[in-house]
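Number of protein chains: 2
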Amino acid sequence: MENPLLLMIPGPTPVPEPVLFASARQPISHRSQDFRDLMADITVHLKWLHQTQNEVLILASSGTGAMEAGIINFLSPGDRVLVGCNGKFGDRWTLVCEQFGLITERITAPWGKALDPKRFRQHLEADLDKQIKAVIVTHSETSTGVLNDLETISRHIKAHGQALSIIDAVTSLGICPVPVDEWGLDVVVSASQKGYRMPPGLGFVCVSPKAWQAYETARFPRFYFDLGKCRTDAATNTTPFTPPVNLFFALQMSLTLMKAEGLSAMFAHQQRLMQATRAALHALDLPLFVPDHYVASPAVTAIAPDQVAPETLRFKLQQQYGVVIAAGQDHMRGKLVRIGHLGYVCDRSIVTTIAAIEAALKDLDYPFQVGAGVEAAHRIFKGS
Amino acid sequence: MENPLLLMIPGPTPVPEPVLFASARQPISHRSQDFRDLMADITVHLKWLHQTQNEVLILASSGTGAMEAGIINFLSPGDRVLVGCNGKFGDRWTLVCEQFGLITERITAPWGKALDPKRFRQHLEADLDKQIKAVIVTHSETSTGVLNDLETISRHIKAHGQALSIIDAVTSLGICPVPVDEWGLDVVVSASQKGYRMPPGLGFVCVSPKAWQAYETARFPRFYFDLGKCRTDAATNTTPFTPPVNLFFALQMSLTLMKAEGLSAMFAHQQRLMQATRAALHALDLPLFVPDHYVASPAVTAIAPDQVAPETLRFKLQQQYGVVIAAGQDHMRGKLVRIGHLGYVCDRSIVTTIAAIEAALKDLDYPFQVGAGVEAAHRIFKGS
Numbered sequence: 001m002e003n004p005l006l007l008m009i010p011g012p013t014p015v016p017e018p019v020l021f022a023s024a025r026q027p028i029s030h031r032s033q034d035f036r037d038l039m040a041d042i043t044v045h046l047k048w049l050h051q052t053q054n055e056v057l058i059l060a061s062s063g064t065g066a067m068e069a070g071i072i073n074f075l076s077p078g079d080r081v082l083v084g085c086n087g088k089f090g091d092r093w094t095l096v097c098e099q100f101g102l103i104t105e106r107i108t109a110p111w112g113k114a115l116d117p118k119r120f121r122q123h124l125e126a127d128l129d130k131q132i133k134a135v136i137v138t139h140s141e142t143s144t145g146v147l148n149d150l151e152t153i154s155r156h157i158k159a160h161g162q163a164l165s166i167i168d169a170v171t172s173l174g175i176c177p178v179p180v181d182e183w184g185l186d187v188v189v190s191a192s193q194k195g196y197r198m199p200p201g202l203g204f205v206c207v208s209p210k211a212w213q214a215y216e217t218a219r220f221p222r223f224y225f226d227l228g229k230c231r232t233d234a235a236t237n238t239t240p241f242t243p244p245v246n247l248f249f250a251l252q253m254s255l256t257l258m259k260a261e262g263l264s265a266m267f268a269h270q271q272r273l274m275q276a277t278r279a280a281l282h283a284l285d286l287p288l289f290v291p292d293h294y295v296a297s298p299a300v301t302a303i304a305p306d307q308v309a310p311e312t313l314r315f316k317l318q319q320q321y322g323v324v325i326a327a328g329q330d331h332m333r334g335k336l337v338r339i340g341h342l343g344y345v346c347d348r349s350i351v352t353t354i355a356a357i358e359a360a361l362k363d364l365d366y367p368f369q370v371g372a373g374v375e376a377a378h379r380i381f382k383g384s
Numbered sequence: 001m002e003n004p005l006l007l008m009i010p011g012p013t014p015v016p017e018p019v020l021f022a023s024a025r026q027p028i029s030h031r032s033q034d035f036r037d038l039m040a041d042i043t044v045h046l047k048w049l050h051q052t053q054n055e056v057l058i059l060a061s062s063g064t065g066a067m068e069a070g071i072i073n074f075l076s077p078g079d080r081v082l083v084g085c086n087g088k089f090g091d092r093w094t095l096v097c098e099q100f101g102l103i104t105e106r107i108t109a110p111w112g113k114a115l116d117p118k119r120f121r122q123h124l125e126a127d128l129d130k131q132i133k134a135v136i137v138t139h140s141e142t143s144t145g146v147l148n149d150l151e152t153i154s155r156h157i158k159a160h161g162q163a164l165s166i167i168d169a170v171t172s173l174g175i176c177p178v179p180v181d182e183w184g185l186d187v188v189v190s191a192s193q194k195g196y197r198m199p200p201g202l203g204f205v206c207v208s209p210k211a212w213q214a215y216e217t218a219r220f221p222r223f224y225f226d227l228g229k230c231r232t233d234a235a236t237n238t239t240p241f242t243p244p245v246n247l248f249f250a251l252q253m254s255l256t257l258m259k260a261e262g263l264s265a266m267f268a269h270q271q272r273l274m275q276a277t278r279a280a281l282h283a284l285d286l287p288l289f290v291p292d293h294y295v296a297s298p299a300v301t302a303i304a305p306d307q308v309a310p311e312t313l314r315f316k317l318q319q320q321y322g323v324v325i326a327a328g329q330d331h332m333r334g335k336l337v338r339i340g341h342l343g344y345v346c347d348r349s350i351v352t353t354i355a356a357i358e359a360a361l362k363d364l365d366y367p368f369q370v371g372a373g374v375e376a377a378h379r380i381f382k383g384s
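Chains as they are written, first to last, in the numbering used here: chain E, 1 to 384; chain B, 1 to 384.
Chain E on its own, in the form it takes in the complex:
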């Protein structure tokens, strides 16, 4: 028998069965009242999830497509942008900006550490003639598992007055608070296979009135990713191009389940999973890549094992115990493993993963106290 796999990677994630079943319905016409009703319902719930009155637009694309849309709709070639980079996704947004001819400055931090909000403030305060048109920040850096201090950084962006905030919330939305209106975020990008607890294939862009003003003068050529067209059609609950209707069914079901759970319960659940994971890994003497004095992402926890090869541990976990965790990315490949704890994941998923890690470590003659990981996780779950 092949091992049934437990997916503990930072997306795609396990999906609740009602969501999968909803996606397996026969398609409907995307130009029908049924579709308009579906989209109207989804739209209300998306605003709830984003804690916003702004429009949330849905694209048939991955998160990267949505991010590109979030950039090319509000900027023009030659515009100056400031990009926070402390991992693969910060690097990716820099690449996108450069590819489109934006003048890109970076505020960096080493992988595994958080961006320093003060450096954003200094940089933005020094821009007296308001040349910086946008600041791009990855909220939860999926490549390392660090959570950047978006609340403080966005306050500095607002103080600048001119620059838009363009936020990668791909592994934070639905996972920890991203109160779009309270923090005054202009463009917030997310993707379906993360906190949405559904399969990949949809990207989301949440757009503030200030960003729509910038849209009026933005000069990148665009057609498929033209958010103005999406906005016009969304006003009558339709889309400019054929939407992935089956993923819309899944989205409606997932949002309905989330709404019943409530934002604070969702966030508390994610926080617990992260704390239990970190406590367990500490107890196993597996070095956490994000130190305790930074804020850890409730979506993903990276380990930088020193006494066992990360890829050996990862293969062992998958091949023998059926637990799938992720490798490090880019230059951290072979140096990190990453445990995703987002999507349809529960306390049991964490104790299972930790128990499998213990078993794999035992196989690999790693010195640790058997049971210490599961016990530490259990202590968090018991709330003591």
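Be a bit skeptical, because a hint or two may be false.
Just so you know, same-sequence chains aren't split out, so a pair can sit in one copy or run between any two.
What the hints assert, rightly or not - Computed cross-link-like contacts, EDC-like style, restricted to lysine to aspartate or glutamate with a CA-CA straight-line distance of at most 20 Å:
| # | residue 1 | residue 2 |
| --- | --- | --- |
| 1 | LYS88 | ASP233 |
| 2 | LYS113 | ASP127 |
| 3 | LYS88 | ASP226 |
| 4 | LYS229 | ASP330 |
| 5 | LYS316 | ASP34 |
These aren't lab readings, by the way, just hints derived from the structure by calculation.
A quick note: this is a predicted structure, and the numbers were derived from the prediction, not measured.
Model the placement of chain B on the given structure of chain E, informed by the hints.
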């Protein structure tokens, strides 16, 4: 009880249950051997469907996204392109080209009529200094149901020597022959919710070696739709960004079912459905929008009723009989209705649709001989 709906629109289409069920599996990691095996299998079948040795790349997007990718990867701002326009989709490609600053010339025909291949020949022969960089042709015009003579037009494009052919095969691939290698087609675009018999959400671009040469010097900025990145990753059966893995499951199942059926059986089936539909509508004195002396698309048949309001007929069909057909598009809205006969559609789907049309016409006091439509369809199905 709400009517169960029979979807007879030109996409989304009805989907075989094994395909829907395949899409409802738990997601897998897109960076796993299981995913690479899946993509390798899909790739072989996609080449089979396109009758080609060229690469067929998969995008998370609608058909329009794939079409945009087919344009911006192989051309540069200011390039001259020739666009065939005899319906909404020809118009859309003109819009895309203009949006990206291409110098666009159009060869037009009235909606409902086919493009004249001779005019392509004349235009291309007159281009002595080879300034035309691409010719864009919509094979099956979904807005009208006419099939353009792509074989002849593509011969004229090849005779030009310089211009690439960029082909919208969205409602022809899998529905009638599109032998990419035999006809020497450079860029062929399609989408999952049409001849693929699966839900919407994937776009496909098939790229010839000549188009890859053009890619090397093409200067549109691009990131998400960069087909060079897709090609590099596809070589190791992976994708640059998170693919919609559940739609990949569906695609694999659908291609497997199609392969078992065989291309010629698939095309013969579609031809029969179209002929039966046209014969039935003729017998009901409902004016066909594409006259008999043009080649009709085996994907969609449009009617331009004169003694009954098209939208009244359409609403009646859906509300009372649960058969969903499509409205006319753009300036033909309210003047046409369109019956899609693609996807998971069989002889029964046609007799059902025709019988429902007869019942609706009866309700609307339209003068016709009751039973004539179903009888005419039956005659085609019997092969007499």
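Violations among the numbered hints: 2
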